[in-house]
Every structure is written in C-alpha cells, then in structure tokens.
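Make a model of the complete structure from these sequences and hints.
The chain contents come next:
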Amino acid sequence: MEIKKVEATIEAILFTMGEAVDVERIAAAIGHDVETTSNIIRNMMDQYDSEERGIQIIELDGAFQMCTKPDMYESIVKITHIPKKHVLTDVLLETLSIIAYKQPITKLEIEAIRGVKSDHAVNKLVEYNLVCEVGRMDAPGRPIIFGTTEEFLRSFGIQSLQDLPVINPEKVEDFKLEAEEEVQLKLDI
Amino acid sequence: MEIKKVEATIEAILFTMGEAVDVERIAAAIGHDVETTSNIIRNMMDQYDSEERGIQIIELDGAFQMCTKPDMYESIVKITHIPKKHVLTDVLLETLSIIAYKQPITKLEIEAIRGVKSDHAVNKLVEYNLVCEVGRMDAPGRPIIFGTTEEFLRSFGIQSLQDLPVINPEKVEDFKLEAEEEVQLKLDI
Amino acid sequence: MSISIKLEAFEGPLDLLLHLIDKNKVNIYDIPIVEITNQYMEYINSMDDKDLDMMSEFLVMAATLLNIKSKMLLPKDETKDEEEDPRQELVERLLEYKMFKYISEELKDKELDAAKVFFKEPTIPEEIEGYKEEVDIDSLLADLTLAKLHKIFESVVKKQTDKIDPIRSKFGKIEREEINLTAKLMSIQAYGLQHKKFSFRKLLETQPTKMEVIVTFLGVLELMKIGQVMIEQNNLFDDITITFIGETIAELDDSVALE
Chain B
1 MEIKKVEATI
11 EAILFTMGEA
21 VDVERIAAAI
31 GHDVETTSNI
41 IRNMMDQYDS
51 EERGIQIIEL
61 DGAFQMCTKP
71 DMYESIVKIT
81 HIPKKHVLTD
91 VLLETLSIIA
101 YKQPITKLEI
111 EAIRGVKSDH
121 AVNKLVEYNL
131 VCEVGRMDAP
141 GRPIIFGTTE
151 EFLRSFGIQS
161 LQDLPVINPE
171 KVEDFKLEAE
181 EEVQLKLDI
Chain P
1 MEIKKVEATI
11 EAILFTMGEA
21 VDVERIAAAI
31 GHDVETTSNI
41 IRNMMDQYDS
51 EERGIQIIEL
61 DGAFQMCTKP
71 DMYESIVKIT
81 HIPKKHVLTD
91 VLLETLSIIA
101 YKQPITKLEI
111 EAIRGVKSDH
121 AVNKLVEYNL
131 VCEVGRMDAP
141 GRPIIFGTTE
151 EFLRSFGIQS
161 LQDLPVINPE
171 KVEDFKLEAE
181 EEVQLKLDI
Chain H
1 MSISIKLEAF
11 EGPLDLLLHL
21 IDKNKVNIYD
31 IPIVEITNQY
41 MEYINSMDDK
51 DLDMMSEFLV
61 MAATLLNIKS
71 KMLLPKDETK
81 DEEEDPRQEL
91 VERLLEYKMF
101 KYISEELKDK
111 ELDAAKVFFK
121 EPTIPEEIEG
131 YKEEVDIDSL
141 LADLTLAKLH
151 KIFESVVKKQ
161 TDKIDPIRSK
171 FGKIEREEIN
181 LTAKLMSIQA
191 YGLQHKKFSF
201 RKLLETQPTK
211 MEVIVTFLGV
221 LELMKIGQVM
231 IEQNNLFDDI
241 TITFIGETIA
251 ELDDSVALE
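The listed protein sequences derive, respectively, from chains B, P and H.
189 is the number that my numbering gives the last residue of the first sequence; the numbers go up by one with no jumps.
189 is the number that my numbering gives the last residue of the second sequence; the numbers go up by one with no jumps.
259 is the number that my numbering gives the last residue of the third sequence; the numbers go up by one with no jumps.
Hints in this document: simulated from the structure, not taken from any laboratory.
Careful, some of the hints might be misleading.
[Stated by the list, open to error] Below, in silico cross-link-like pairs of lysine to any residue (SDA-like), each with a Cα-Cα straight-line distance of 25 Å or less:
no., chain 1, residue 1, chain 2, residue 2
1, H, K210, P, V134
2, P, K171, H, Y102
3, H, K202, B, V166
4, H, K151, B, L164
5, H, K202, B, T106
6, P, K84, H, K108
7, B, K124, P, D119
8, P, K78, B, T36
9, B, K124, H, P125
10, H, K101, H, Y29
11, B, K85, P, K171
12, B, K5, B, D49
13, P, K117, H, A63
14, H, K108, P, H120
15, P, K85, B, T106
16, B, K117, H, E212
17, H, K76, H, S56
18, P, K5, B, G18
19, H, K158, H, T209
20, H, K110, P, R42
21, B, K4, B, R42
22, H, K116, P, S50
23, B, K102, H, T209
24, H, K116, B, E19
Here is the structure:
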C-alpha cells in the first residue's frame, strides 16, 4: 500500500472507532510493524496540525484517538444549542389526540385504534414532553400506560382533563347509524 | 471567518455530531446563509473525494453526515466487529422500491401493484426504519400513507429522492421492440 | 405440462404469471391467454390448500385470466368502434410489476455499496450535552388548538366505524371469505359465557375492521336464532344489551349460520 492509502486507512479506522485505538491493532490492520505505524500516525498528526483542520489525532499511552481541535469547542457548543426543527406531524397529532381522550392508555390500545404500530409516535411525544408514563397496567406483561403531561394541560391553558372538549354524542350516534346502514346494505344483497 | 476556518468548523461539527445534521443548523452555527453553507460543504465534499482521504461527507435530503469511504471497508472490518444489519429479502426490497418510487402511497396501492397482501412487508420496513407513516389520505377510511425515511437514503447511498435510480429508457424500448418482433414472427408463421 | 416448482416459491399471482410467460418464452405484450390460463389453473390445483389467504389471491388472478379468455372468445361488438384488447389491463399491471422487480435489483446493488461505509456515534462532550435545549412546547403546539385536537380525535373515532375493506374494492367480483364466521361465533360465545351480560356496542367497538363488525353482527343474529343469547333495547338507537343464556358453547358451522 502506498503511503497516502495507508494514511487514509488510518483516518477511516480512527474515525469509525471513535475511542482510543492501540497502535498494535492499527498496525495489524494496515499490515505494517508497530514502529512504522507510529511514525506514520505521528506524521499524520503534524499534517492535521499544520493544515487548518477541525479534527486532530491525539496520542494516549501507545494508543491514538481522533477528536476535534480545542479551538472548535465554541462552535460545537453553539451547534448543540441550535434547536432541531420539531414539528407535530399528522401521525403525532393523531396519536396525541388518542392519548388525550383515552388516557390512561397502553401502546397496544393505541395501536388497536390506529391500526398500525405506534412506537415511534409515542416515543416522540414522550421526548416532546407532551405525554408521559403514568404507571403500569395490572395485566400480563405489566404494560406501560401513558397519559398527557402537566405541560400539555398548561400549554392549552386548561386546568384538567375534564376541560377537554367532549365528543359530541350525536356525532358518535351518526357514525353508528352510518355503520348500521352499511351493515344493512350488505345484508340486503 | 476566513474560508479555511469555516471548513475546519464544519469538519469538527460533522465529526462531533456523528449523525446527519440539517444544513440550516450548520448555517446558523457558522453564521452564513443556507445557500453559501451548502456550497461550502459541497466544495468540501469534492476535496474529500479528490484528496486521498479515508472519510467523506454525504448529503441526505438537505442534511450532511460524515462517514468513511466505501473502499475502506476491508480494512475496518479487520479491526472491529461490525454488527450485521438486517437482511432485506426480495419481498421487502420489492415492496420498498414500490414505496420509494410511488410515495406517498397507501398499503392498498402497494397491494394493487404487487397483487398480494403486504402488511407483513410494510410492517417490517417500518420496523427497520426504512419506511414511515407520513400521514393519512383524505379518502374514505383515511388510510395511512407511507414514505421512505432518511435511513432509507443512507442505507442505499441516495442523496435525495430525485437521485433514485431510473429505469434505463433503452431497456424499456428493448422490451417493446422484442414484443413487436415476436408478434411479427407469430404472424409470419 | 408437469409442474416442478413449488408454488410457495412465488410471491404472488403476478410473480407466477411472469414465470409462466417467461417459461413459455413469450413476450408480455403477447400473452397466449388460453395456454397460460391452463397452466395457471394447473398450478392452483396443485396448491397446498392450507393457506386460504394466499390461495384466494391466486384465484382472483385465475378468474381475471378466465375473464379475459372468455372476452376474447366472444364475438366482437360491431356497434363499438374500437374495442380495447381485454389483455391490455393485465399487460399493464404485469409490466409495472416487472419494472419494480427490476428496480428492486438495482436497489439491492446500491444497498451493497452503501453498506460499506461506517458512521460514528455522536461524541458531544458531556458538559455540553447537559445544556441540550429542551423542546419548546409552546412553539411546537403553536398551530394546535383544543378544537383542532378534538376534531382529529373525532375523525379517529369515525375512521374506526367505517374502515374500508382492504384489497377487495380493487378486485372485481370475486371476494374472499376473510373472516371466519364459525370462529367468530365461537369467540362471541366464549365472551358471553364469561361475561353473561354485555354491551352490543362495546362488542362492535372491539372489532378492528368493518368486515369483522358485519360478521359479528351476523353472529349475534345467529346466536339469537338458536337461543344462545337474548337481547334487549330500551329505546330506539340505545345500546343493546346481550345476555348469554346458553349453558355451554354451541358447536356451529358456516352452513348452519349462513342459512
């Protein structure tokens, strides 16, 4: 392997591993002896230093690790403070409405209503602190039951769940009638 | 900030974050607009490509992520155990390609194309995070519509959906020509 | 013609059809319907009939083929100027399916290449991660009102009552017996034996699909007829209370129930 290729390989290895990697392991991977390997890596360290790079290689007691340069610290602090875009997608809204109206409710029950696996949606709502675990159901497997958070109530300016708008009973009746009519249709055939 | 310094910052950010970072966040961190930031990063991508480097930057639907170059694969597997990812069966691949090209799409539409029930396949793809619910169709029964995820783009090395492989038009033409010839032959006999 | 390949090898009816077309060395655009239909039927006859679900899909396709075949045998309607070739729709479906099979091969290659790159876990220093901004609920919920949330929930409730029947609506006339009436009769009785008195509405609400609701409804009617349950309703549109009066679970089969 020519030297450029060896350096690229070391870069890829250190990147993937993230942690400190013993020089022996690197040497074995690139097929050189330990001394040559150390020399190559130390040479790379100089290159990373002289070129204006955001990352560097550091040596730690016979091991090497890739990390960012110290003067990058401010920028990294900055980016971690820039919030990710969060949006309540239709999927999340639907799941949230089910939890709000049917709580306390298990994931399985949510899935039965939605007709599809809902782990992702429930996890996101928990992450957004709109929904939380409120306990365990006294049933086989003791499934987690979910409810809305105080934050949820607060952000809608309501005191308690009793203040949620109620489902219009007439409307439910309409749905039922529709369903019954459809059943009737089938029977007539 | 001079350009070299900006590039170093982006390198440090992508290295630290590990995951795909939205271009908007990077732009905010380095204090440039989104377009300039995209241009700088694309230029960096070219540099990583041309210089013999072990790492590269990939673009995923408006986000950027750092990873190793494919030809480093052999060396990296020598040094570390790579957990096996899920294997996509032909059935899953077929269902996934339908979703990728026809998204947003309902399960019913997938089934119409495949001619078979596809619940299992769709659920597996959702479980593997290659496909997700993107909403509900405004149609009777409000069926769930599905689309592909960022993980899909990553797993298939695709920048954005515009980048999906297209069917060679020549190939389609070939089919047609063959057909015509065969019909002709039959008539001649 | 002898059939050497197991049916399970095919993903579905289109897959089998493609195979037959390929085996006969004919082009999709020129399917010899009669020949193919015969071979197709032969396959279906050799099918292990344990999997009714799968069988029905193949039968729908066989029916489509027979339909096309019969249309082709009928004399042309002189009053119509241009009559569409009955094979047209099938050819289009097959081509589309074939196209996706081809694409999935392309994707497979891409996946192999893409699997060769490695990513790195985030290594945000701990002291920074502590700063991680919480999700701003207010901006997250900015567009959402209680009324809207309420509407969404209502549509969820509605959706449950009128789930449309999957697949079948797309396939002409042949319908599959998706829900087993006998099994439904047994499960209603088992439920009744356990609960004695229960709400008809609740019973329907637990049914995931409209088809199940219908079959459950039929099941209750049948159980009334044979005197396993008694029902009462105080006012029009009130919930109906079902009382299980049978001693044990009665053994029933479809033929009894469907009379």
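Do the hints match the structure? See the list:
About 24 Å separates the Cα atoms of K210 (chain H) and V134 (chain P), which keeps this hinted pair within 25 Å; it holds. For the hint pairing K171 (chain P) with Y102 (chain H), the CA-to-CA distance comes to about 10 Å; that is within 25 Å, so the pair holds. Pair hint K202 (chain H) plus V166 (chain B) holds up; C-alpha atoms about 19 Å apart against a cutoff of 25 Å. Distance check on the hinted pair: K151 (chain H) and L164 (chain B) sit about 12 Å apart at the alpha-carbon level, within 25 Å; holds.
Taken as a hint, the K202 (chain H) and T106 (chain B) pair is honoured in the structure, with Cα atoms around 18 Å apart against an allowance of 25 Å. Taken as a hint, the K84 (chain P) and K108 (chain H) pair is honoured in the structure, with Cα atoms around 16 Å apart against an allowance of 25 Å. Between K124 (chain B) and D119 (chain P), the direct Cα distance comes to roughly 24 Å. Compliance with the 25 Å bound is thereby established for this hinted pair. With a C-alpha separation of about 19 Å, the suggested pair K78 (chain P) and T36 (chain B) falls inside the 25 Å cut-off, and the hint holds.
Note on K124 (chain B) and P125 (chain H): the hinted pairing holds, with a Cα-Cα distance of about 24 Å set against a maximum of 25 Å. For the hint linking K101 (chain H) to Y29 (chain H), the alpha-carbon distance of about 17 Å falls within 25 Å, and the restraint holds. Restraint check: the Cα-Cα separation between K85 (chain B) and K171 (chain P) comes to about 42 Å, which exceeds 25 Å; the hinted pair is violated. A threshold of 25 Å between alpha carbons decides the hint, and for K5 (chain B) with D49 (chain B) the separation of about 19 Å falls inside it, so the pair holds.
Taken as a hint, the K117 (chain P) and A63 (chain H) pair is honoured in the structure, with Cα atoms around 18 Å apart against an allowance of 25 Å. Restraint check for K108 (chain H) and H120 (chain P): the C-alpha separation of about 20 Å stays at or below 25 Å, so the hint holds. With a C-alpha separation of about 30 Å, the suggested pair K85 (chain P) and T106 (chain B) falls outside the 25 Å cut-off, and the hint is violated. Proposed proximity of K117 (chain B) and E212 (chain H) is supported: the alpha carbons are some 20 Å apart, at most 25 Å.
A hinted pair counts as satisfied when its Cα atoms are at most 25 Å apart, and K76 (chain H) with S56 (chain H) does not qualify at roughly 31 Å. Between the alpha carbons of K5 (chain P) and G18 (chain B) the distance comes to roughly 23 Å, so the proposed pair stays at or under 25 Å and holds. The hinted pair formed by K158 (chain H) and T209 (chain H) meets the criterion: a straight-line CA distance of about 12 Å does not exceed 25 Å. Distance hint between K110 (chain H) and R42 (chain P) is fulfilled; the C-alpha atoms sit about 22 Å from each other, no more than 25 Å.
Using a Cα cut-off of 25 Å, the hinted pair K4 (chain B) and R42 (chain B) holds, with the two alpha carbons roughly 14 Å apart. Restraint check for K116 (chain H) and S50 (chain P): the C-alpha separation of about 19 Å stays at or below 25 Å, so the hint holds. Taking the CA atoms of K102 (chain B) and T209 (chain H), the gap is near 20 Å; set against the 25 Å cutoff, the hint holds. For the given pair, K116 (chain H) sits about 20 Å from E19 (chain B) by alpha-carbon distance, which is consistent with the 25 Å threshold.
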